[in-house]
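Colleague: Taking the hints into account, I'd like the entire structure generated from these sequences.
With full-length UniProt numbering, letter number 89 in the sequence shown gets 89, and the count goes up by one each step, no holes.
In short, the hints are calculated from the structure, not lab data.
Treat each hint with caution, since some may be false.
For lysine to any residue, the following SDA-like pairs were computed, each having C-alpha atoms within a straight-line distance of at most 20 Å [to be verified]:
#: 1; residue 1: K47; residue 2: G93
#: 2; residue 1: K47; residue 2: E113
#: 3; residue 1: K47; residue 2: I83
#: 4; residue 1: K47; residue 2: A85
#: 5; residue 1: K47; residue 2: A95
#: 6; residue 1: K129; residue 2: A149
#: 7; residue 1: K47; residue 2: L156
#: 8; residue 1: K129; residue 2: A91
#: 9; residue 1: K129; residue 2: R150
#: 10; residue 1: K47; residue 2: S68
#: 11; residue 1: K47; residue 2: E88
#: 12; residue 1: K129; residue 2: E113
#: 13; residue 1: K47; residue 2: R87
#: 14; residue 1: K129; residue 2: V70
#: 15; residue 1: K47; residue 2: Q76
#: 16; residue 1: K47; residue 2: A61
#: 17; residue 1: K129; residue 2: A112
#: 18; residue 1: K47; residue 2: D73
#: 19; residue 1: K47; residue 2: D84
#: 20; residue 1: K129; residue 2: D110
#: 21; residue 1: K129; residue 2: E109
#: 22; residue 1: K129; residue 2: D73
#: 23; residue 1: K129; residue 2: T144
Restraint-style ranges between C-beta atoms, simulated for each label pair [claimed, not checked]:
#: 24; residue 1: H67; residue 2: L133; range: 20 to 28 Å
#: 25; residue 1: Q127; residue 2: S71; range: 33 to 41 Å
#: 26; residue 1: S71; residue 2: E153; range: 12 to 20 Å
#: 27; residue 1: S68; residue 2: P90; range: 19 to 27 Å
#: 28; residue 1: S125; residue 2: V70; range: 35 to 43 Å
#: 29; residue 1: I83; residue 2: Q52; range: 28 to 36 Å
#: 30; residue 1: R120; residue 2: P90; range: 35 to 43 Å
#: 31; residue 1: V118; residue 2: T144; range: 20 to 28 Å
#: 32; residue 1: S116; residue 2: E153; range: 12 to 20 Å
Quick caveat, the model's predicted, so the values are computed rather than measured.
Where a beta carbon is used, it is the ideal one built from N, C-alpha and C, also for glycine.
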Amino acid sequence: MALAWSPATPLPTLRPPLRVHHCVRRAEVRRRFQCRSLFGFKSKAPKLEIVQAGDPVLHEAAREVLHSEVSSDTVQNTIQGLIDAMREAPAVGLAAPQIGVPLQIIVLEDTAEYISYVSRDEALSQQRKPFELLVIINPILRPTTSATARFFEGCLR
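Modeller: Next up, the structure:
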């Protein structure tokens, strides 16, 4: 049986869309975009904004990204949205749930410019050094030593 689709009819969903959170309109735009991506339709990704503190997506476990999904438009557009939102904020790192996408993806980047915003002593005590963009899918964070450190963490919203 052939699949018929026209712009006037909603696309069938092959897998559940992202959960709809407090911003129904934003979630609906994202869901439609992701469904179109599954069928190979190319369109510009919607701008993904950082969610507000208290958003339900920040209180749930993010889903692991399957190896077969990594090259999909959905995951690639989520990564690009993360990078864009992180740089616009500006921030040193951002996780997909922070833009309302419950996937295990983080992006990190520390630039000389960002480091210049703190005092030299603070940068030295935090051992901050510039590093290029890192995209990490399904991160597993493990302590490498028993040492602890205490630093100020900025809040994006």
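Colleague: For every hint, state whether the structure bears it out.
Modeller: Consistency of the hints with the structure:
1. Simply put, K47 and G93 have alpha-carbon atoms about 17 Å apart, close enough for the 20 Å limit, and the pair holds.
2. Taking the CA atoms of K47 and E113, the gap is about 24 Å. The hint is violated against a cut of 20 Å.
3. For the given pair, K47 sits about 11 Å from I83 by alpha-carbon distance, which is consistent with the 20 Å threshold.
4. Between K47 and A85, the direct Cα distance comes to roughly 8 Å. Compliance with the 20 Å bound is thereby established for this hinted pair.
5. Among the hinted pairs, K47 with A95 is consistent with the structure: their alpha-carbon atoms are about 15 Å apart, no more than 20 Å.
6. Between K129 and A149 the CA atoms are separated by roughly 16 Å; this keeps the pair inside 20 Å, and the hint holds.
7. With a CA separation close to 16 Å, the supplied pair K47 and L156 stays within the 20 Å bound.
8. For the hint pairing K129 with A91, the CA-to-CA distance comes to about 15 Å; that is within 20 Å, so the pair holds.
9. Of the supplied pair hints, the one linking K129 and R150 holds, its CA atoms being roughly 17 Å apart against a limit of 20 Å.
10. Between K47 and S68, the direct Cα distance comes to roughly 24 Å. Violation of the 20 Å bound is thereby established for this hinted pair.
11. Between K47 and E88, the direct Cα distance comes to roughly 11 Å. Compliance with the 20 Å bound is thereby established for this hinted pair.
12. Simply put, K129 and E113 have alpha-carbon atoms about 11 Å apart, close enough for the 20 Å limit, and the pair holds.
13. Distance restraint check for K47 and R87: the Cα-Cα separation of roughly 13 Å lies within the 20 Å cut-off, and the hinted pair is therefore satisfied.
14. For a cut-off of 20 Å, the pair hint linking K129 to V70 is broken: about 29 Å separates their Cα positions.
15. Restraint check: the Cα-Cα separation between K47 and Q76 comes to about 13 Å, which is no more than 20 Å; the hinted pair holds.
16. Taking the CA atoms of K47 and A61, the gap is about 23 Å. The hint is violated against a cut of 20 Å.
17. The hinted pair formed by K129 and A112 meets the criterion: a straight-line CA distance of about 8 Å does not exceed 20 Å.
18. Our distance criterion of 20 Å between C-alpha atoms is met by K47 and D73, whose separation comes to about 15 Å.
19. Taking the CA atoms of K47 and D84, the gap is near 8 Å; set against the 20 Å cutoff, the hint holds.
20. Straight-line distance between C-alpha atoms of K129 and D110 comes to about 7 Å, which keeps the hinted pair within the 20 Å bound.
21. The hinted pair formed by K129 and E109 meets the criterion: a straight-line CA distance of about 10 Å does not exceed 20 Å.
22. About 32 Å separates the Cα atoms of K129 and D73, which puts this hinted pair outside 20 Å; it is violated.
23. For a cut-off of 20 Å, the pair hint linking K129 to T144 stands: about 19 Å separates their Cα positions.
24. Under the hint 20 to 28 Å, the C-beta atoms of H67 and L133, about 21 Å apart, fit the expected range.
25. Our hint of 33 to 41 Å for Q127 and S71 holds, since their Cβ atoms are close to 35 Å apart.
26. Range check, S71 to E153: Cβ separation about 33 Å, and the 12 to 20 Å hint is violated.
27. Look at S68 against P90: about 33 Å separates their beta carbons, and that is not inside 19 to 27 Å.
28. Evaluation of the 35 to 43 Å hint for S125 and V70 yields a pass: the beta carbon distance comes to about 37 Å.
29. The supplied range of 28 to 36 Å is broken by I83 and Q52, whose beta-carbon atoms lie about 21 Å from each other.
30. Take R120 and P90: their Cβ atoms lie about 20 Å apart, and the range 35 to 43 Å is violated.
31. Evaluation of the 20 to 28 Å hint for V118 and T144 yields a pass: the beta carbon distance comes to about 24 Å.
32. One distance hint, 12 to 20 Å for the beta-carbon pair S116 and E153, holds here, with the actual separation near 18 Å.
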